[in-house]
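Line by line, the protein sequences give chains A and B. Residues in the first sequence are numbered from 59 upward in steps of one, following this note's numbering. Residues in the second sequence are numbered from -10 upward in steps of one, following this note's numbering.
Honestly, the hints are just simulated from the structure, not real lab data. Cβ atoms here follow ideal geometry from the backbone N, Cα and C, with glycine treated the same way. You can trust all of the hints, since none of them are fake.
Chain B stretches covered by chain A per the calculated footprint, using a threshold of three residues with CB under 8 Å from any CB of chain A:
hint	stretch
1	130 to 137
2	225 to 238
3	241 to 248
4	268 to 281
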Amino acid sequence: MATPENKLAFDGGWEYDPAPESTDHIRLDKRYGLFIGGDFVAPEKSRYFDTVNPATEETLARVAQASETDVDKAVKAARKAYRGPWGRMKARERGKYIFRIARIMQERARELAAIESLDGGKPIRESRDVDVPLAAAHFFYYAGWADKLEYAFPGRRAKPLGVAGQVIPWNFPLLMAAWKLAPALACGNTAVLKPAETTPLTALKLAEIIRDAELPPGVVNIVTGAGETGAAVVGHADVDKVAFTGSTAVGRIIQKALAGTNKKYTLELGGKAANVIFADAAIDQAVEGIVNGIFFNQGHVCCAGSRLLVQESVADEVVQKLRDRMETLIVGDPLDKNTDIGAINSSMQLEKIESYLKIGREEGGTMFQNSCPLPERGYWCRPTIFTGVSQSNRVVQEEIFGPVLAIQTFRTFDEAVSKANNTPYGLSGGVWTDKGAKIFRMTQSVRAGVIWANTFNKFDPTSPFGGYKESGVGREGGLHGLDAYVKLGA
Amino acid sequence: MAARSNGKSRIAVAKTYKIYIGGKFPRTESGRYFTLENDRGEVIANICRSSRKDFRNAVVAARKAEGGWAKASAYLRGQIIYRIAEMLEGRSEQFVAELIQQGAARRQAEREVEASIDRLIYYAGWADKYQQVFSAVNPVQSSHFNFSVLEPMGVVSIIAPDDSGLIGLVSNVAPAIVGGNACVVLASETRPLCAVSFAEVLHASDVPPGVVNILTGLRAELTEQFASHMDVNAIAFCGGGRKLAATVQELAAENIKRVISRPRVKWLSDDAASPYLIRDTQEVKTTWHPIGT
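Chain B with its partners taken away, still in its complex shape (with noise of 0.2 Å):
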C-alpha cells in the first residue's frame, strides 16, 4: 500500500481512517468500506463507507450536543474555534501530506492548508460580532420594547464539495458552528482523508463531542438520508448536478428543511467567506416586551 511503505527497513504506522460520531471514532455499523487510490492506481487507504444508520447515530449525537453548544458564550464558542486553527497548524504537514496523496501538488496542498487555517481564525473573529451586525431593535408603534436577534437553527446536515479535501470542508463546517448549530458532514468522496483526520484535530479542540459529526461514504447513497432526516433542521449542499439538488429539495420538504445551495464555489478565494455564510444557519426570533408606565 503506497501509504504504508516508506522505503526504508522500518514498517511504517498506517492510519485506519474513521468516521467520526458524538465525539468517539468508531468503524462505520455496516462494516462496509471503499477503497481509495491514488493516480497511480495504489491503495491509499480503505474508507468508511457510512451507512444510513450511522447517519441517524451522527444526528442523535448532534441534538443531543446542539441545546448545550448553543448555549456557549460567543466569545467561547470564538476560541475554541480559534483552538481548532491553533491544532490545525501544528499538524499542517500532516494534511499537506494527505492532499498530495490524494492528487495535489505540494504547493496547492500547502495553500489549501494555510486558507483553511485562516478560514478557522475569519470565523472564529466573528463568533461574537456577527450578532451585532445581523440583529435589530425595531421601533413599534405600540409601547413594547422589540428586538429580533439571530439563533441557531439547530441541527445541520452538510454535504461538503466534492472536489476539495479540506478547504470546502472547513468553509461549511466553521460558519455553522459558530453560530451554535451542531452539524453532521459527508467527507468528499474523492478526497476524503483530511476529513478524518480534521476530526482527530477537532477533537483535540475542545470542541464538544456531537457538535461536528463527520461521515465519509458515497454521495449517491447518502445525499437522500441527509436531505430526508426529519430531525435535521437544515441542509448546506455543495457541488452535485441539478437533478442530485432537486431531489435534496424534494426531500428537504418533509419537514420544511432549510435548504443551502452553494453550487460551483470557489472556497479557496477569500470571498467564499462572509458572515452571510454564518446567517445561513441561523434563525430570527423576535421578542415583544411591554414597557410600563
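Just chain A, same shape as in the assembly (with noise of 0.2 Å):
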C-alpha cells in the first residue's frame, strides 16, 4: 500500500483487493471423533473441546478429547494391526498403501490448504505452495523407501520397533503429521498420533484419507486433546518409539519420563537461528532471506532465523532496507492470497509474544514494528524487529516463536560464529555472502543440523532436518530420518 512509510510502493498507490480463497468446497463436520481402529469413535468420556480459528476467533469444529483410556484403545489397535495385517504385509504392498496415501493427498491439497489456513492462521499462500505439497511429496518420498530399506543401512537389517506413539505441533500441522507418519509407515511400524490441540484438523482430515486409502484398520490412529493426551502417549507402556516436535522444555520432560524405558526416541525441539549477512552479500536477496527467515509462518518456526548478525559496514544499510521492506508486508486474512502475515496461532501465543516484546523494550532494546492496520478481531502481530540488544538480553536468547527478530552486529567472522553459536539451540543457521569459501568454512562452524546458505526456510522430503545441542535428538527427512524408526539387527 502507498503510505508515506512504504517507501517501496512503486505502484503508485494502487490499493490490493481482496484475493480470498473459497471455503464453500470444504466439508468440516461439527464434531470429530477420535480415529481408532480405522474409524471415527466417540471419546470415553464424551469431552469434546473446540477448535478455534485465529483470524475470526470462531469455533470451526468440536474435537475429541482423548482420555489414558481412550489413548490405550488407540495403542491396542496399533498393537494389533502391527502384529497382524500391517506386519505381515510385504514391504512393498506397504509402500502401494503409503504411494495412495500422497495421491489422495493431492487431489485433495486445495481442501487442506484452506483448513489449514482456517485453523492455524497460516496465509493460504503458504499452505498452498508449502505445507500442502510438502506433506504429500513427504509420504511420496518414504513409500518408495518401504522395499528398499536394505540399501538404507549398509551390513545391517533394518527391522520394525513396532508402535510409534508421536506429538505433533500446531505450527505445520498436517506436514509434522506427515514427518511423522511417512516414516513410520515406511518401516513398517504403525502408529498413534496426537495433532497438537489448537490445529487437529487437517490431521483429522488426513484420517479421512488414510481410511479411504483403505489402509488396514489400527495403522495409523489420531487421538486428538491436550498436554494430557500427549503425556498418556508418550508414557504408554506399550509405545516402542516415541516421536515428538515441540518445545525444549517439553522435550525434556519427554527425555526424563522416558528414562529407564527401552523407548526410542526422536525430539524436535526449540531454535534460536542465526542468520548471518557478511558485507560482501547481495544486500537485496539478504533482505528478502531476513524477512523470509523470520516472518515466514508468522515466526512460528523452530528453525526460524530469529536472530540477525549483520557485519557492522552493512549494518544501517541492511536495517533501513528491512525496514523498508516490512512497510510492504501486508498482515491480515489468512484466506486472503495477498496477506504475507496470517494470525498469531492461539491467543495463548499471542500473549507470549506480547510479553517478549514488552521485555525486549524493558531490556533496553530499540522496537520497529511496520504500520500495517489490523483486523479487529483475532490474534494479530505486526511484524517486528529489536536494534540494540545484546547477546545476554532474552529477545536474544529464548525462542519466542513469533514475528519477531533480535538484530546484533559483528566485525570479524570469529565474531560472527562465536555469536551465532552463543546459545544452547542448534537447529538451524543462515549465511549470507558472495564468497563460496566463506559459505563452507561458516556452514562448518555453526553448531546446527540445518544450514542455508544464500537462502533460508527451505524444506524437502529428502532433506533430513533436526537439531544439534538443545535443539534435538535425531533427524526426519531424508535417508538419515529412516533411522528413527528402525532398529538394526545383523
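With the hints as a guide, bring the two chains together.
Right, here's the structure in full:
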C-alpha cells in the first residue's frame, strides 16, 4: 500500500483488493471423534473441545478429548495392526498404501490448504504452496523406501520398532503429521499420532484420507487432545518409539519420562537461529532472506532466523532496507492470497509474544514494527525487529516463536561464529555472502543441523532436518530420517 | 605389595597409577584413593578415586581439544589411531601382565590385548571412510545443492564397561575419537590398571592433549556427574543396572544430551566393532546451497 512509510510502493497508490480463497468446497463436521482402529469413535468420557479460527475467534468444530483409556485403545489397535496385517505385509505392498496416501492428499490439496489456514492462521499462500505439497511429497518419498531399506543401512538389517507414539505441534500441523507418519509406516511400524489441540483439523482430514486409502484398521490412529493426551501417548507402556516436535522444555520432560524404558525417541525442539549477513552479500537478496527467515508462518517456526547478525559496515543499510521491506508486508486474513503474515496461532501464543515485546523494550532494545492496519478480531502481531540488543538479552537468547527479530552486529568472521553459536540451541542457521569459501567455512563452524547458504527456510522430504545441542535428538527427512523408525540387526 | 616384589634382590620400581587430563598425569585433586587387590587379597595398587572436580577439569580439557581435533584431516586422525595401535603392540606384555594381575588367565589376557590392538587398526581404517558411507547428497525439488554430512558431537563422556580392563575401553574410545570427538572416560572400577597404562600409550601416540581424558574412580560416585554435566554433548554408558541407566537418562535430559546405551556387549567379539558405533557420536548436518542460473 502506498503510505508515507512505504518507500517500496512503486505501484503509485494502488490498493490491493481482497483475494480470498473460497471455503465453500470444504466439508467440516460439527464434531469429530477419535480415529481409532480405522473408524471415528466417540471418546470414552464424551468430552469435546473447540478448535478456533485464530483470525476470527470463531469455533470451526468440536473435537474429541482423548483420555488415557482412549489412548490405550488406540495403542491396542496399533499393536493389533502391527502384529496382524501391517506386520505381515510385504514391504512393497506397504509402500503402495503410502503412495496412495500421497496421491489422495494431492487430489484434496486445495481443501487441505484452506482448512490448514482456517484452523492455524497461516497465509493460504504458504499452506497452498508449502505445507500441503510438502506433506504429500513426504509420503511419496518415504513410500518408495518401504521395500528398499536394506540399501539404507549397509551391513545391517533394518527391522521395525513396533508402535510409534507421535506428538506434533501446531505450526505446521499437516506437514508434521506427514513427517512423523510417513517414515514410521515405511519402516513397517504402526502409529498413534496426537495433533496439537489448536490445530487438529487437517490431521483428522488425513485420517479420512487414510481410511479412503484403505489402510488396514489400526495402522494409523489419531487421538486429539491437549498436553495430558500427549503425556498418555508418550507414557504408554506398549509404545516402542516416541517422536515429539515441540518446545525444548517439554522435550526435556519427555526425555526424563522415558528414562529407564527401552523406548527409542526422537525430539525436534526449539531454536534461536542466527542469520548471518556478511558485507559482501547481495544485500537485497539477503533482506528477502531475512524476511523469509523470520516472518514466514508468523515466525512460528522452530528453525526461524530469529537472530540477525549483520556485519557492521553494512548494518545501517541492511536495517534500513529491512524496515522499508517490512512496510510492504500485509498482515491479515490468512485466506487472502495477498496476505504475507497471517494470524498468530492462539491467544496464548499472542500473549507470549507480546510479553517478549515488553521484555525486549525493558531490556533497552529499540523496537520497530511496520504500520500496516490489523483486523479488528483475531490474534495479530505486526512484524517486529529489535535493534540495540546484546547477547545476554532475553529476546536474543530465548525462543519467542513469533514474528520478532533480534538484530546484532559483528565485525569479524570469528565474532560472527562465536555469537551464532552462543545459544543452547542448534537447529539451523543462515549465511549470506558472495564468497564460496566463506560459505563453507561458516557452514562448518555453526553448530546446527541445517544451514542455509544464501537462502533460508527451505524444506524437502529428501533433506534431513533436526538439531544439535538442546534443539533435539535425531533427524527427520531423507535417508537419515529412516533411522528413527528402525532397529538394526545383523 | 604384590606388584612391588619380584622375589629377587633388586627392589622393583612400581608405577604410581595416576589419571590423565589434558595430556597431563595428575593425581586426583581430591587426594583420595581406593585400593585394588588381587584375588588373594594382596594390594596391587592404590588407584585415584577421582572427584567431580577432576571430571569438570577433564571436560574443560576435552572442550578445548575437540575443535582442533575435529578439524584435523580424516587421514591424520586415522594415522594417529593407527599409531596408538603400534604403541600398544610394543607394550603388549605390560598390558597382559596387568590383566593377569587383575585376575585374567594368560591366554585370555593375551587375547584381550591382541583384540584391542586389532580394534584400533579397524577404526583407524574407518577414519576416512565412514563419512562416505553415511553422508548423502539429497535430490531436493528446488534448485539447490543439498548435502548431509556427519560432524562430531563434541565432548563425549564414556562410562567404560566394568567387566573388561582394556578391550571395553578401547572399543568405546576409538569410535568416538576417530570421528573427531574428544572424550572423558571413566575406567573400569574393578580393572583400572590398563586404562592408566593406555593413557600412557595415547600420550606417546601424537593424540593431542585433551582429546582423550581418563579417570579412575567409583562408578556410583561419578556416573551422575558424567550424565549431568551441561557441557557434555553425549554419554556412552556401558553396563550398569537398569536403575543406574534410568538415572543416566534422566540427568542427561537436562541439556538434551545424547544417550548411547551399550549394555551387555561382548566387546571381545568382532561383532562389537562397526561404523555404526562411530555414527553413534555424530550429528548429521545438512547444508543448502543455491544453484545459480
